[in-house]
Amino acid sequence: MNNTGEKITIVDYGMGNIRSVQRKFLELGYQAESVDNYEAVMKAEKLVLPGVGHFANGVKNLKSRGLWDAVNEKVIDQKTPVLGICLGLQLMAKHSEEGDVEGFGWLDAEVVHFDVKDKLKFKVPHIGWNSAIASKTNAFTKDLNPENLYYFVHSYHLVCRIEAEILGVTNYEYDFHSIAGRDHIIGVQFHPEKSHEAANDLINKFALFKRV
Amino acid sequence: MFRPRIIPVLLLKNLGLVKTIQFKNPRYIGDPINAVKLFNDMKADELVFLDIMAHAEGRPISADFVKAVGDEARMPFAAGGGISTISQIEQILKAGAERVVLNSAAAEKKGFVQEAAKAFGSSTIAVSIDVKKKFLGKQQVYIKGGKLATGLDPVSYAKQMESEGAGELFVTSIEMEGTMQGYDFELIKNISHAVTIPVIANGGAGNFDHFNKAVNECYASAVAAGSRFVYHGPRNAVLINYPNEQEIKSIFG
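So the protein sequences, as listed, match chains R and Y. So in my numbering, spot 146 of the first sequence is number 146, and the numbers just go up one at a time. So in my numbering, spot 175 of the second sequence is number 175, and the numbers just go up one at a time.
Rather than coming from a laboratory, the hints here were simulated on the basis of the structure. Some hints could be false.
Taking lysine to aspartate or glutamate pairs in the DMTMM-like style, the calculated list, with each CA pair at most 25 Å apart, reads [claimed, not checked]:
| hint | chain 1 | residue 1 | chain 2 | residue 2 |
| --- | --- | --- | --- | --- |
| 1 | Y | Lys-133 | Y | Glu-186 |
| 2 | Y | Lys-118 | R | Asp-175 |
| 3 | R | Lys-121 | Y | Glu-245 |
| 4 | Y | Lys-138 | Y | Glu-108 |
| 5 | Y | Lys-189 | R | Asp-115 |
Covered stretches of chain R, as calculated for chain Y (at least 3 residues, CB under 8 Å) [unchecked claim]:
| hint | segment |
| --- | --- |
| 6 | 15-28 |
| 7 | 35-42 |
| 8 | 132-145 |
| 9 | 150-164 |
Note that CB positions come from ideal geometry on N, CA and C, so glycine has one too.
In isolation and in its complexed conformation, chain R is listed as follows (with noise of 0.2 Å):
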């Protein structure tokens, strides 16, 4: 146990598997726990959105919970570090294709469908392993393995406005961009909780960052 970092704090959202999220930093040695109120949320050090399912769902879900509001507060106003894994990475959007709504807007990016051409080589959702290649500049990404394989499992991808927020992009038939973020805001398309040790080195940035 390194026990270095800040304590993590997972938003339960009722959307996806929030026990192997928390299951993954408590294996590399962190403190974390997962939190479903408002109060909770404020109290906050570090920030992990995680989730699986549908984009309207996910903002419905997060705003009866009472959720929506202090993720806004701690992210925007506090500056406190966030990490968005899949569902969650999308939240961070302004808005999404998948039931035509908006999203927090800390990044300058839309969610849209995957619109491949050849239907029979590349399947939708995209499901399976896949690597990245990440930015060598960015705190969270730049020791990441450009071989590294990432378990990947979804039908809607971030397309980022702004060059300085890609951070990272895979390839499916053509590249998306699979890794986004900016200053304390990171946010991955792929399951670092799910995918062995290949995203432990981002994991261990993110436990460890400290904001200037």
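Knowing the structure of chain R, use the given hints to seat chain Y on it.
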């Protein structure tokens, strides 16, 4: 670069690991949680657990068991067997499975797949299609652990499941299952050409060439196998095994 998944399929009977041949004669192999640990070490892509007694016993695969797997597995896994209600799916996903595998209920309960996909997202719903040729007849979809012929054409059924919102199709040839003589390649190819969601080839894989052929000639998005990953040698000694990184690279070359 995208790489097709190679998926060990682990069959359960009374929470022990078993292996069948053509859906019959389950032979005890060992402890499933121990198998998960070994597949962790070998960095398996994904696991599929199917409780082959669940349907006959009128219950879903145990959520406690799924939780035990979830506490151990470092890779994604799917769970199936006897799942027939939305609340059962919810429990199994909560217990830690990435996906549920639906079989009999998908065919028997109208609108079930649609309802499930709407509630949990397509990517969490896999539909398993067991196929066999009826004596002197055409290939058709079987349910209830391969015991009941539905009269449904596998390709039309696959398309129907896609339109209802299934996120992927787990296609098994009952005749080839456990034989290690190769998949029913025609079947895989026909279904893969008919749908735009991923197709997992299952039933009959005995060597890496079978994996290659299923992907490169039949457009399977993933390959699954049971015997190949639990047996070793001409006498089928029990030995959990999985290709290493170099071997995987050479398989799909």
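Here is how each hint holds up against the structure:
no. : hint                     : result
1   : Lys-133(Y) to Glu-186(Y) : 13 Å, holds
2   : Lys-118(Y) to Asp-175(R) : 28 Å, violated
3   : Lys-121(R) to Glu-245(Y) : 23 Å, holds
4   : Lys-138(Y) to Glu-108(Y) : 20 Å, holds
5   : Lys-189(Y) to Asp-115(R) : 23 Å, holds
6   : 15-28                    : holds (count 5)
7   : 35-42                    : violated (count 0)
8   : 132-145                  : violated (count 0)
9   : 150-164                  : holds (count 4)
Hint compliance for this structure: hints 2, 7, 8 are broken, all remaining hints hold.
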